Amino acid sequence: MYSKDGENYFIVDAHIALWDARPENQRNIHGKQFIDCFYDYHRNLSPDEEQWSYEEYLYQGGARLMKDLFEDGYVDHAIFQPAYLGAFYKNGFAQVEEAYGLAAANPGKLTYNHCYDPRHGEAGLDRLRADHEKMGFKGVKLYTAEWHGDSRGYKLSDPWSYRYFEECRKLGIKNIHIHKGPTIRPLDRDAFDVADVDHAASDFTDLNFIVEHVGLPRLEDFCWIATQEPNVHGGLAVAMPFMHTRPRYFAQIIGELIYWLGEDRIQFSSDYALWTPRWLIERFVDFQIPEDMTEYAPLTTTQKKKILGLNAAKMYGIPVPAELQLPDADETKTGPRQPERADLAGVR
Amino acid sequence: MTALIGDPAAETQMDVTEEDIRRALESVIDPELDEPITDLGFIRSIQVQTAGGGAQVEVHLRLPTSFCSPNFAYLMASDSKDAISALPAVAQVVVELDDHHDSDLINAGLAADAGYRGTFLHEAEDSLDELRWTFRRKAHTAAMERCLTDLLRANAELLETQMGTVRLRDLPAGRNKQALLRRRSALGLPEAADSIVLVNHEGHPYPPEAVPMALRRARSTRISIDGNAHFCRGLLRTRYEGSGADQSARPEGAEAKDHHNLLPLKVKEIHS
Numbered sequence: 041m042y043s044k045d046g047e048n049y050f051i052v053d054a055h056i057a058l059w060d061a062r063p064e065n066q067r068n069i070h071g072k073q074f075i076d077c078f079y080d081y082h083r084n085l086s087p088d089e090e091q092w093s094y095e096e097y098l099y100q101g102g103a104r105l106m107k108d109l110f111e112d113g114y115v116d117h118a119i120f121q122p123a124y125l126g127a128f129y130k131n132g133f134a135q136v137e138e139a140y141g142l143a144a145a146n147p148g149k150l151t152y153n154h155c156y157d158p159r160h161g162e163a164g165l166d167r168l169r170a171d172h173e174k175m176g177f178k179g180v181k182l183y184t185a186e187w188h189g190d191s192r193g194y195k196l197s198d199p200w201s202y203r204y205f206e207e208c209r210k211l212g213i214k215n216i217h218i219h220k221g222p223t224i225r226p227l228d229r230d231a232f233d234v235a236d237v238d239h240a241a242s243d244f245t246d247l248n249f250i251v252e253h254v255g256l257p258r259l260e261d262f263c264w265i266a267t268q269e270p271n272v273h274g275g276l277a278v279a280m281p282f283m284h285t286r287p288r289y290f291a292q293i294i295g296e297l298i299y300w301l302g303e304d305r306i307q308f309s310s311d312y313a314l315w316t317p318r319w320l321i322e323r324f325v326d327f328q329i330p331e332d333m334t335e336y337a338p339l340t341t342t343q344k345k346k347i348l349g350l351n352a353a354k355m356y357g358i359p360v361p362a363e364l365q366l367p368d369a370d371e372t373k374t375g376p377r378q379p380e381r382a383d384l385a386g387v388r
Numbered sequence: 061m062t063a064l065i066g067d068p069a070a071e072t073q074m075d076v077t078e079e080d081i082r083r084a085l086e087s088v089i090d091p092e093l094d095e096p097i098t099d100l101g102f103i104r105s106i107q108v109q110t111a112g113g114g115a116q117v118e119v120h121l122r123l124p125t126s127f128c129s130p131n132f133a134y135l136m137a138s139d140s141k142d143a144i145s146a147l148p149a150v151a152q153v154v155v156e157l158d159d160h161h162d163s164d165l166i167n168a169g170l171a172a173d174a175g176y177r178g179t180f181l182h183e184a185e186d187s188l189d190e191l192r193w194t195f196r197r198k199a200h201t202a203a204m205e206r207c208l209t210d211l212l213r214a215n216a217e218l219l220e221t222q223m224g225t226v227r228l229r230d231l232p233a234g235r236n237k238q239a240l241l242r243r244r245s246a247l248g249l250p251e252a253a254d255s256i257v258l259v260n261h262e263g264h265p266y267p268p269e270a271v272p273m274a275l276r277r278a279r280s281t282r283i284s285i286d287g288n289a290h291f292c293r294g295l296l297r298t299r300y301e302g303s304g305a306d307q308s309a310r311p312e313g314a315e316a317k318d319h320h321n322l323l324p325l326k327v328k329e330i331h332s
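Sequence lines, in order, name chains A and B.
Residue numbering for the first sequence follows the numbering used here, beginning at 41 and increasing consecutively.
Residue numbering for the second sequence follows the numbering used here, beginning at 61 and increasing consecutively.
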């Protein structure tokens with residue numbers, strides 16, 4: 041929990057990883073390129089005092105994770121969202137077994153979400169059923185830009201993706217987290233396109249689709265589909281640290297999300313170990329929309345509390361102390377929310 | 061070098077300088093960020109060697125990450141090769157993309173002039189034309205929103221619902237209007253003074269009740285492009301030390317911190 045100015049915030053870090061990108065685990069040059077790309081994100085967007093060395097960044101281990109999140113980081117509960125990346129790392133990038141073990145040992149603090157790749161076909165479905173029986177997860181993380189044989193990405197609207205969603209439905213896996221990386225198939229179209237999420241969300245209305253990175257770099261396409269599909273949510277992984285380097289951009293991102301999705305469908309995450317939660321939480325609680333951006337209403341404390349934890353807690357059934365709970369906003373299920381609150385936006 | 065007296069026309073035709081190459085590359089646009097690659101700092105090096113039969117040019121490109129989308133990477137690299145090859149005095153061109161996960165594939169395709177489909181084989185279906193159009197439309201949408209939001213901010217009396225009838229002649233002259241006219245021209249939209257500003261990519265205006273939503277959607281597009289443009293610039297500076305000196309300032313979406321990276325260009329001399 042984080043407390044400031046008499047307000048208490050229940051914190052759910054909805055997107056974390058336990059990764060191993062050390063050279064001995066890199067399968068090829070792409071393993072190095074991938075972690076270097078993450079490290080440049082980290083260096084570019086972090087305040088100087090929050091920057092890690094490259095060696096620290098390659099691997100953290102469970103003990104360090106527990107300290108960064110729960111001792112230093114104010115986090116009440118965190119959710120693993122593994123990206124396997126077997127084409128780049130010998131034992132995978134996300135350390136699936138280690139993360140599951142850590143979550144099993146700390147069930148009050150950690151939730152383990154699994155991952156799968158629909159291109160594994162029938163065999164993968166068997167594997168998913170077996171994994172679910174063993175681990176009992178409520179959510180999965182899908183990285184659509186994962187490389188697999190001569191395929192370098194898939195779409196959520198592919199027939200096999202649908203077969204897997206049907207299986208998720210049967211098994212009670214309700215929360216589908218999606219990271220739209222640069223998906224290279226077919227290469228003719230925009231690799232970051234999120235239109236396939238729209239198809240899947242319309243056809244599986246009983247599943248939640250949480251688009252990580254709020255669709256960045258296609259914020260506009262994400263907002264447009266999310267405003268029409270009540271079961272599409274936005275995860276703030278990678279968007280949060282813009283508070284530091286690009287506060288006006290961050291204000292616009294959060295302003296757009298509140299406008300198009302409303303305050304009940306946005307989830308905080310540090311994207312650990314890309315960043316650590318402590319400074320992000322402190323700064324978000326202090327954050328406010330700049331005065332001259334009259335197209336957005338100021339962020340309320342209620343909105344911050346929901347984003348920082350209550351929204352993800354509700355989705356995952358994580359217990360929240362009664363005095364910290366808040367009711368849902370009385371908002372429309374689809375279409376823009378609270379347009380009258382901003383003075384460039386309509387009724388004046 | 062000794063100045064030679066000769067036919068100046070012939071001489072300019074045969075001599076190609078690094079500056080000529082750079083100027084040719086100004087025509088190559090990053091479609092996603094809607095800016096020339098020369099402004100973004102994507103040119104890593106230019107080498108020109110003059111031999112008997114014409115100049116041999118080698119250009120290296122660099123991008124903000126190894127995982128930038130390979131279709132955009134290929135477009136910029138192949139457009140670069142085309143732009144340089146079009147210079148009359150150039151005999152041979154090598155364009156290479158450095159440090160990308162598809163560098164080997166793309167560089168081999170460029171060297172063999174294999175084209176898009178010949179380079180990417182089963183991953184390519186038809187062409188990258190539709191991709192270009194998608195981002196030309198987005199660029200127009202963003203340019204349109206900048207002009208109309210400027211208008212709204214400048215005049216508190218104006219209502220958002222009135223933005224559907226604003227015409228090009230109502231926009232004040234300046235950078236944003238110039239940019240809008242260029243984007244309209246790229247889409248083949250009319251540039252006459254009485255043309256409606258808020259139109260879709262086919263040039264159709266919006267009915268009054270749809271105007272606020274059209275403007276709001278356009279705003280999210282503008283925010284996205286500006287945000288991506290600055291993030292990509294920042295990542296390039298992080299990845300390649302000193303590359304900030306090769307980037308021009310982008311006022312759209314700029315923030316206080318951006319000025320640090322551009323100090324050498326920004327500092328004015330103070331005369332007391």
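None of these hints come from the bench; they were simulated from the model.
Honestly, I wouldn't trust all of these hints.
Okay, the calculated beta carbon distance ranges per label pair [what the hints assert, rightly or not]: (1) T245/A <-> R82/B: 51 to 57 Å; (2) E137/A <-> R83/B: 26 to 32 Å; (3) D173/B <-> Y202/A: 38 to 44 Å; (4) E371/A <-> P96/B: 41 to 47 Å; (5) R227/B <-> E89/A: 51 to 57 Å; (6) G126/A <-> A168/B: 22 to 28 Å; (7) R82/B <-> Q268/A: 28 to 34 Å; (8) E206/A <-> A316/B: 46 to 52 Å; (9) G302/B <-> D246/A: 37 to 43 Å; (10) P96/B <-> E173/A: 42 to 48 Å; (11) P268/B <-> E206/A: 40 to 46 Å.
The structure presented is a predicted model; accordingly, all values stated were derived computationally and were not measured.
Even glycine gets a Cβ: it sits at the ideal position worked out from N, Cα and C.
A quick look at each hint next to the structure:
Taking the beta carbon of each, T245/A and R82/B are about 54 Å apart, inside 51 to 57 Å as hinted. For E137/A and R83/B, the Cβ-Cβ distance of about 56 Å falls outside the hinted range of 26 to 32 Å, so the restraint is violated. Between D173/B and Y202/A, the C-beta spacing of about 40 Å keeps the proposed range 38 to 44 Å intact. Hint check: E371/A to P96/B, Cβ distance near 43 Å, so the stated range 41 to 47 Å holds.
At about 52 Å, the CB distance of R227/B to E89/A agrees with the hint of 51 to 57 Å. In this structure, G126/A and A168/B meet the distance hint of 22 to 28 Å, their C-beta atoms being roughly 26 Å apart. Taking 28 to 34 Å as the suggested C-beta distance range, the pair R82/B and Q268/A does not conform, at roughly 45 Å. Take E206/A and A316/B: their Cβ atoms lie about 50 Å apart, and the range 46 to 52 Å holds.
At about 53 Å, the CB distance of G302/B to D246/A disagrees with the hint of 37 to 43 Å. Between P96/B and E173/A the Cβ separation comes to about 56 Å, which falls outside the hinted range of 42 to 48 Å. Between P268/B and E206/A the CB atoms are about 44 Å apart, so this pair conforms to the stated range of 40 to 46 Å.
Hints 2, 7, 9 and 10 from the earlier list are contradicted by this structure; the remaining hints agree with it.
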